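Its first residue numbered 1, the sequence shown is counted upward by one per residue in full-length UniProt numbering.
A portion of the hints provided could be inaccurate.
Said to hold, decoys possible - The calculated lysine to aspartate or glutamate pairs, modelled on EDC-like cross-linking and capped at a C-alpha distance of 16 Å, are:
id, residue 1, residue 2
1, K152, D210
2, K152, D109
3, K141, D210
4, K66, D109
Unchecked claim - Cβ-Cβ distance ranges computed for the label pairs, FRET-style:
id, residue 1, residue 2, range
5, A197, P84, 31 to 41 Å
6, V81, R178, 21 to 31 Å
7, P220, Y145, 13 to 23 Å
8, R179, E77, 16 to 26 Å
9, A56, V181, 14 to 24 Å
Simulated from the structure, these hints should not be mistaken for laboratory data.
Since this is a predicted model, take the numbers as computed values, not measurements.
In this text, a Cβ means the ideal position worked out from N, Cα and C, and glycines have one as well.
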Amino acid sequence: MSDDTVSTMPAVFFGHGSPMNALEVNRYTAAWRAFGRSVPRPRAILVVSAHWYIGATAVTAMPRPKTIHDFYGFPQELFDVRYPAPGLPELAEEVSDVVHPTWVGADVDSWGIDHGTWSVLVHAFPEADIPVVQLSINAFKGLDYHLELGAKLAPLRERGVLVVASGNVVHNLGGVDRRLVDQGFDWAQRFDEAAKATMLDDPTEAGRLDAHRDFDLAVPTPDHFIPLLYLAGLAGATGEGTEVLVDGYAYGSLSMTAYTLGLPGRATEPLAGAPTLPEAVPPDSANI
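Kindly generate the complete structure, drawing on both the sequences and the hints.
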């Protein structure tokens, strides 16, 4: 990871998949590591994670955010993972300023760094020495709100802030098939390819993907899809195009596609794909 300062930081959307990726070396985690090595050193990392999905727009504002293990049924080794990155309380004020008049609350004690964040950052930035702040997903707002909020965050990229969005374009836990470790159902592939065409051609149209015939299957709940809109909004704000970092499928009903902004090049790794789910994990309710 370079220590050089740049005028504009890149941004990224990670398809994070199973929390087990935190412990794995596979084609996805290798791509996340390659991303971390290729970007200039950020002043801070602002993460929009699918797993902080609440009834308000808020940012973490504590100096030492806790590592949150927001899942169950996984091996103890996963619960032992800690990501002790510092926070940056003053970034909460910066976020509030750049998105004004949108109201953003400051969370000083209820949240921290959830697995949608640390499962990718343990690979991208394993030293955990860069301040990490999370921005919640407001569950009461529609897709356009999130697309527009993403666009409003664009000035932070000029201030050394790396904006990371973490979710999955296709995320249907009720449809998980453990046998299809590296495969996607036809409907999952159709929707993921439609999203890819939109992100590569005109990201500002990402909010219209809810009209796709497979949207209800691919996005039964919006929490994992919405982070993509933040990267799309950032792209639209500056007129930049996005690039595919890595793509693929897991368990039939998850897409692992990741996109970068301001950082060209696809990661190609001759490695295995998604990790096998532990037998104890009930995939439809384990918050993966």
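Hint-by-hint comparison with the structure:
Of the supplied pair hints, the one linking K152 and D210 is violated, its CA atoms being roughly 22 Å apart against a limit of 16 Å. Simply put, K152 and D109 have alpha-carbon atoms about 26 Å apart, too far for the 16 Å limit, and the pair is violated. Restraint check for K141 and D210: the C-alpha separation of about 14 Å stays at or below 16 Å, so the hint holds. Of the pairs offered as hints, the one joining K66 and D109 holds, with about 9 Å between alpha carbons and a cut-off of 16 Å not exceeded.
The given range of 31 to 41 Å is respected by A197 and P84, whose C-beta atoms sit roughly 40 Å from each other. Distance hint check: the CB atoms of V81 and R178 are about 23 Å apart, consistent with the given range 21 to 31 Å. At roughly 20 Å, the beta-carbon separation of P220 and Y145 lies within the given 13 to 23 Å, and the hint holds. Taking the beta carbon of each, R179 and E77 are about 24 Å apart, inside 16 to 26 Å as hinted.
A hinted range of 14 to 24 Å for the beta carbons of A56 and V181 is inconsistent with their spacing of about 37 Å.
Of the numbered hints listed earlier, those contradicted by the structure are 1, 2 and 9.
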